[in-house]
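Protein sequences, first through last, are from chains A and B. Numbered per this note's numbering, the first sequence spans residues 39 to 299. Numbered per this note's numbering, the second sequence spans residues -10 to 231.
These are calculated hints, taken from the structure and not from any lab test. Heads up, a few of these hints could be off.
As the list claims (entries may be wrong) - Some but not every residue of chain A turned toward chain B, in silico, with C-beta under 10 Å:
id: 1; residue: A59
id: 2; residue: L62
id: 3; residue: D184
id: 4; residue: G186
id: 5; residue: E189
id: 6; residue: L194
id: 7; residue: G195
id: 8; residue: Q203
id: 9; residue: V208
id: 10; residue: K212
id: 11; residue: P216
What the hints assert, rightly or not - Computed, partial: chain A to chain B, Cβ under 8 Å:
id: 12; residue: T104
id: 13; residue: Q187
id: 14; residue: S193
id: 15; residue: I205
id: 16; residue: Q209
id: 17; residue: K277
id: 18; residue: R281
What the hints assert, rightly or not - Residues of chain A clear of chain B, computed beta-carbon distances all greater than 10 Å:
id: 19; residue: R54
id: 20; residue: T126
id: 21; residue: T134
id: 22; residue: I142
id: 23; residue: A190
id: 24; residue: M196
id: 25; residue: R245
Since the structure is predicted, the reported quantities are computational estimates derived from the model, not experimental observations. Note that beta-carbon positions come from the ideal geometry of N, C-alpha and C, so glycine has one too.
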Amino acid sequence: MDGRSVIESTLSTTIRPGFFAGTLDLFVEYLPFYLQGLLYTLLLAVVGTTVGLLIAFVFVVLKIQTVKRVTPFIPKNLKHLGKAFVNTYVTIFRGTPMMVQAMIFYYGLASLGVRLPILAAGLIVVTLNTAAYLTEILRSGLESIDPGQREAAESLGMTTRQTYQKILLVQAFKNMIPAIGNELIVNIKDTAVLSVIGVGELFYMGRSVAGAHYRYTESFMIVAIIYLIVVMIAVYLLKQLSRWMGKTPKDLNTSESGQAA
Amino acid sequence: MITLENIFKYFDETPVLKNINLSFQKGTINVIIGPSGSGKSTLLRTVNFLEPPTEGNVWIEGERMDEKPKTLQNLRQNAPMVFQSFNLFNHLNVHDNCTLAQRAVLRKSKKEAGHKAMRTLEKVGMASYWNRKPKQLSGGQKQRVSIARALSMEPRILLFDEPTSALDPEMVGGVLSTIRNVAEEQPDLTILLVTHEMAFARQIADRVLFMDLGEVIEDRKGADIFKTPLKPRTAQFLSSFQ
Ligand SMILES: Nc1ncnc2c1ncn2[C@@H]1O[C@H](COP(=O)(O)OP(=O)(O)O)[C@@H](O)[C@H]1O
Ligand SMILES: [Mg+2]
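Build the full structure now, drawing on both the sequences and the hints.
Structure representation (structure tokens):
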């Protein structure tokens, strides 16, 4: 839905003067638009973080591959290429503002004749951006794991791939849940910059309503409160999640039978 | 049988193993002693290619080892290692520590792997702890689980790298008697054991090797090395344990 055109059709509504009355009127009148914006914001943040995480798993494996003395020529150079690609990617995406990335991506593609739907463009930008940050987070998570874990797996005959899948990435992921959650929260807030290419997320909707009535403080106060509430809920849910991940059902069993044993 | 042939190992430019030539017979218990930094761990780790030798060959039952993934997998499942620092998988309970590699490497079913795990855990006296996480165990218990984890692979060779060095003194006896039981119950198992527990070595060893500065200085049958060390360096080292 294009926020602005719908808002223009409701312009005849009167919004009372005064900060509190005005805020209340905007809220009541435009609640569906704010919620619509919120929905887009959450969509961008959740999809961007989860798909970004999946990409980060692949990137981190490319990045930390070991190139052995005996690795044959072609795989060896493919590995070097993979490492170089990920390093360059991470440097570029972490080294430039997401707002600029969005502009280049959207208008750059448009100038090549590729017209992506705006929401799709926004989703791609936030996903690619998040993948860069999460690659670094996962890498430091992997590096923080005791090398003995890897040696034990290898000494039992597990392949490098099995070792990463079943031991190292699982442990890194568990340790990294707070950092990944933090990335989600950053994304809830920072996807506001995607309004620059016209993605109808919460900030964009707030600005549309504000512009229609020239009531900027009031509209953005509503936007701020919605962001705040959503972020607080997200923080709470993430806390529950990491508590639950740290204490799996098996653990709960253990502490009970542990007393009997 | 394990054969090490002209093994050299360098870390950067530093030689850590210098021309090692050894054979270990099937079903024997071989104890490696020597001062810290003499290359004992590195020697053990070249056997399962955790540290591939810079030069020389490792033969296991007539097959030459190399770094191909298939060879490594076959070699290591048959020669798992028990580490000084246990290295149990922190995110898995005792039971799953013993089934993970069985399933991933030996391709066993969940049920089959679980049975084997419980049987080996019984052997080391840890079956009743099957659903504990490593962090809920004492050092001695962790080491017994890691022995069970290795035995679950039904290996022909077992490598021990100072299995009791990280333990509180009161835990050492339990782990040593576990190792003794395993050796008695599975006489076909070839054991290489690095340890500073000289009394234990004396009781259990079929052969004792003394290493210093990357070389095997003395290589003796049974407990002979303790009774009549032939090299002054060996005698000097052993006297520090009186
Ligand atoms: N990964 C490594 N990189 C560099 N040097 C190492 C490495 N592992 C061992 N060394 C060195 O090799 C020598 C032998 O080490 P090690 O085999 O662990 O001796 P030991 O087990 O007898 O104490 C030591 O000087 C040690 O510092
Ligand atoms: Mg050592």
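Structure-based check of all given hints:
Contact between A59/A and chain B, as hinted, is not supported at the beta carbon level, the nearest pair being about 56 Å apart and thus beyond 10 Å. Evaluation of the L62/A hint against chain B yields a violated restraint, the C-beta minimum of about 51 Å exceeding 10 Å. A cut of 10 Å between beta carbons decides the hint on D184/A: the least distance to chain B is about 7 Å, and the hint holds. Given the 10 Å rule on beta carbons, the hint for G186/A holds: about 4 Å separates it from the nearest Cβ of chain B.
Restraint check, E189/A versus chain B: the minimum CB separation of about 6 Å is within 10 Å; hint holds. Given the 10 Å rule on beta carbons, the hint for L194/A holds: about 4 Å separates it from the nearest Cβ of chain B. Taking 10 Å as the C-beta contact cut-off toward chain B, the hint placing G195/A at the interface holds, the least distance being around 3 Å. Because the closest C-beta pair between Q203/A and chain B is about 9 Å apart, less than 10 Å, the hint holds.
Proximity of V208/A to chain B holds as hinted, the smallest CB-CB distance being about 6 Å (cut-off 10 Å). Interface hint status for K212/A: upheld, as the beta-carbon distance to the closest one in chain B is roughly 6 Å, under 10 Å. Nearest Cβ of chain B to the Cβ of P216/A: about 16 Å, over the 10 Å cut. The hint is violated. Interface restraint check: T104/A against chain B, minimum CB-CB distance 12 Å, threshold 8 Å, status violated.
A hinted interface residue such as Q187/A counts as satisfied when its beta carbon comes closer than 8 Å to some beta carbon of chain B; here the least separation is about 6 Å, so the hint holds. With a cut of 8 Å, the hint placing S193/A at the interface with chain B holds, because the nearest CB-to-CB distance is about 4 Å. At its closest, the beta carbon of I205/A sits 6 Å from a beta carbon of chain B; the interface hint therefore holds under the 8 Å criterion. With a cut of 8 Å, the hint placing Q209/A at the interface with chain B holds, because the nearest CB-to-CB distance is about 5 Å.
Restraint check, K277/A versus chain B: the minimum CB separation of about 20 Å is more than 8 Å; hint violated. Among the interface hints, the one on R281/A is violated; its C-beta lies about 16 Å from the nearest C-beta in chain B, farther than the 8 Å criterion. Interface exclusion of R54/A from chain B stands, the closest Cβ pair being 58 Å apart, more than 10 Å. Separation of T126/A from chain B is adequate, the least Cβ-Cβ distance of about 29 Å exceeding the 10 Å criterion.
Listed as a non-interface residue, T134/A keeps its Cβ farther than 10 Å from every Cβ of chain B; the least gap is roughly 36 Å. Residue placement check: I142/A keeps its beta carbon more than 10 Å from all beta carbons of chain B (closest about 41 Å). Listed as a non-interface residue, A190/A fails to keep its Cβ farther than 10 Å from every Cβ of chain B; the least gap is roughly 4 Å. A cut-off of 10 Å between C-beta atoms contradicts the statement that M196/A is not in contact with chain B; the least separation is 5 Å.
Non-interface status of R245/A relative to chain B is upheld: no Cβ of that chain comes within 10 Å, the nearest being about 46 Å off.
When held up to the earlier numbered hints, the structure conflicts with 1, 2, 11, 12, 17, 18, 23 and 24 and fits the remainder.
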